[in-house]
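Start from chain A and add chain B according to the hints.
Sequence lines, in order, name chains A and B.
Whatever position you read off the first sequence (first residue = 1), add 663 for the working numbering.
Whatever position you read off the second sequence (first residue = 1), add 38 for the working numbering.
Since the hints were derived computationally from the structure, they do not count as laboratory data.
Where is the CB? At the ideal position from N, CA and C, for every residue including glycine.
DEER-style ranges, computed between Cβ atoms: (1) B:N372 - A:K780: 45 to 53 Å; (2) A:G871 - B:I65: 51 to 59 Å; (3) A:D911 - B:E99: 22 to 30 Å; (4) A:G699 - B:N41: 53 to 61 Å; (5) A:V727 - B:P70: 27 to 35 Å; (6) B:P50 - A:D808: 45 to 53 Å; (7) A:E877 - B:K63: 48 to 56 Å; (8) B:D53 - A:G871: 47 to 55 Å; (9) A:A820 - B:P50: 40 to 48 Å; (10) B:N72 - A:C741: 25 to 33 Å.
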Amino acid sequence: MFGYVVFNKAELKFKDFDIYKSYYCGLCRDLNDMFGAKGQITLNFDMTFLAILLDGLYETETEVSECRCIVHPLKKHCTRRNEFTRYAAEMNIVLSYYKCLDDWVDDHNRKRKRFAKSLEKHADRVRNKYPEKCRKIEELLKQLDELERNGDYDLDALSGCFGKIMAELFCYKDDEWKQYIENIGFFLGKYIYILDSYCDYPEDKKKGRFNALEKFGTDKDKIQNLLVMMMAECTRNYEMLPIVENCDILKNILYDGVWMGFTIEKKPVDHI
Amino acid sequence: MTNPYQVLEVNPNADDQTIKRQYRKLIKIYHPDNNINNPNKAKAEEKFKEIQSAYELIMRERSGDYTCSDYRDYADSSTSQSSTYTNGGTGGNYRGNSNSGTYYYRNTGNGSSGNRNNNAGNGNSNSNNGNNNAGNGNYNNRNSNFGNSGYYNGNNNTGNGGYYNGNNNTGNSGYYNGNNFGNNGYYNANNTGNNGYYNGNSNANTGYGNNGYYNGYGYNGGNGNYYGNTNGRGAGYGFRGGNNGNYYDTRTNYRTVNKEQNDDILHKIAEMLNRAEFQDALNVLDAMEYRSDVWFYYSAIANTGLGNNIRALNDAQTALQMNPNTPEYNELVNNITGNAMRYRDSSTLVNKNDSDKKKKIGKIVTFGSIIFCVGSTFTGGGCSECLFLGGGLFCCL
Chain A
664 MFGYVVFNKA ELKFKDFDIY KSYYCGLCRD LNDMFGAKGQ ITLNFDMTFL
714 AILLDGLYET ETEVSECRCI VHPLKKHCTR RNEFTRYAAE MNIVLSYYKC
764 LDDWVDDHNR KRKRFAKSLE KHADRVRNKY PEKCRKIEEL LKQLDELERN
814 GDYDLDALSG CFGKIMAELF CYKDDEWKQY IENIGFFLGK YIYILDSYCD
864 YPEDKKKGRF NALEKFGTDK DKIQNLLVMM MAECTRNYEM LPIVENCDIL
914 KNILYDGVWM GFTIEKKPVD HI
Chain B
39 MTNPYQVLEV NPNADDQTIK RQYRKLIKIY HPDNNINNPN KAKAEEKFKE
89 IQSAYELIMR ERSGDYTCSD YRDYADSSTS QSSTYTNGGT GGNYRGNSNS
139 GTYYYRNTGN GSSGNRNNNA GNGNSNSNNG NNNAGNGNYN NRNSNFGNSG
189 YYNGNNNTGN GGYYNGNNNT GNSGYYNGNN FGNNGYYNAN NTGNNGYYNG
239 NSNANTGYGN NGYYNGYGYN GGNGNYYGNT NGRGAGYGFR GGNNGNYYDT
289 RTNYRTVNKE QNDDILHKIA EMLNRAEFQD ALNVLDAMEY RSDVWFYYSA
339 IANTGLGNNI RALNDAQTAL QMNPNTPEYN ELVNNITGNA MRYRDSSTLV
389 NKNDSDKKKK IGKIVTFGSI IFCVGSTFTG GGCSECLFLG GGLFCCL
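Chain A extracted, bound-state conformation:
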């Protein structure tokens, strides 16, 4: 379910590409510092987007520096690190931990189970820091699981469950922007869920697995209409935010980048 929230490189300016990369590398450094190498593997674009979004809104103090790392041994890369890359790192762990558990339950993927186990200590640390948030996410995952097991094809309910999870992840603090940030996460989550179901449909059908689109069907135009509705509500909330920095990057992702998966009709590769 990850990797859909990417940017469209063809439409992104070079300088913005560099800025995006610096957040990505900054997030990577934070994951490493806070959660070690295992944490680093969970690095993904979705949480990079969150870090850029929150930083755009709050414009916090950012440590800009350079680093070398095992993947980039020859040349130093710019990194941007701040409270939001750290927050994104924490949410990354939570998401990855639960996702791996989920994959184990769904597909009996042992590799995922082992990985989840290795993340457990880190996930516990994050859970202790955000007990309410993590509890809500756990409950929502249970609800989603139950809906899927019961063969419920209500798209609003199914995608909305995942949307609520994203809303929880996105919600950094309780202030005048909370409702907008959560709605951005909520509708982005609905988008991701529907798109993921669409990309997974052929394989799910073959393996006799639950797929949310069984009743609705996979007519490309109809799916696109649904997806447009979700991103339209997501961006309606985004446009409310007084973001003046990094807007080109964020706009690229929300208006173009998210459609990469739909256009190419392939599921992005998972990390592990």
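Here is chain B on its own, set in the frame of chain A:
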């Protein structure tokens, strides 16, 4: 409120970016954190709140967000004046007075800084203050609030220190309390003395002091326990008198035998919608057998409030089909479809034919010695230079 553009000192024709930059500039000047040593800090704080309200008002109007002052009460067609439910606005409750919470903010009723009747001593920085507020310190306080220091307090709150307290809260220190008394829990709605979580609407039952979880919506004058608890005396709202409020309990379906009964319920639903009690309204709607165009309209609104935009559009379109000349139905449909069109216009990848799209995406771009494998993310192949397959790590040769 005075002209919001004047408050922000900006031309009404200014584009969104200009408005946002100006907002940020002014907010920095008047933010309470930046005025601690200012002798006029009270005035600065007032200005800060005014700027915040002005900004939100301008951006909401520009975003074409669906705000309606009062949900027109269509049930009684003989009184086609606008609704008599002049509430103090719904204040964008994130989680309204219901169990499952609302996800879509909805500010209604108060337009601007929104203080309505008999507000006294509000230190609210924002809009959507309802009637008879006194001594509130925060946002979106609604009717008859006293001494609240929390946020999003609803009606008749007393002494709450929590957040999102709904109606008739007394002495709550929790979060997302609905009509609660003395709760320490979370997500309590209409509960008495609960210490649990997600306790539902358990009015007029003797099941107070619930310690359970996911007690459901007990619109049944009972304890709507998610797991089917057996309390219930039927002295609740009376739509289902005495049921256990099980989510799947259909023992008492509401049947409308005549138009008057139907209209009566629709009046109540309009009231609930005005109070942003979307889940409650939907529960009642779903129990009704007779479904007029008004039913579909209210269902669309309730679903919009809950973030169920797929169902909301279907219901709105159904209402419009049943009664094509109703401007409000049109407005609701256009709100959703118009926003979708706005989005399509701003996207370069949506609704283009395939060859256009492929040009727009581009392929793996070699840029100096850096390759960003967009391709690896989607084609399933890993760049051989990547130590980790896929995941879109930036790699270099």
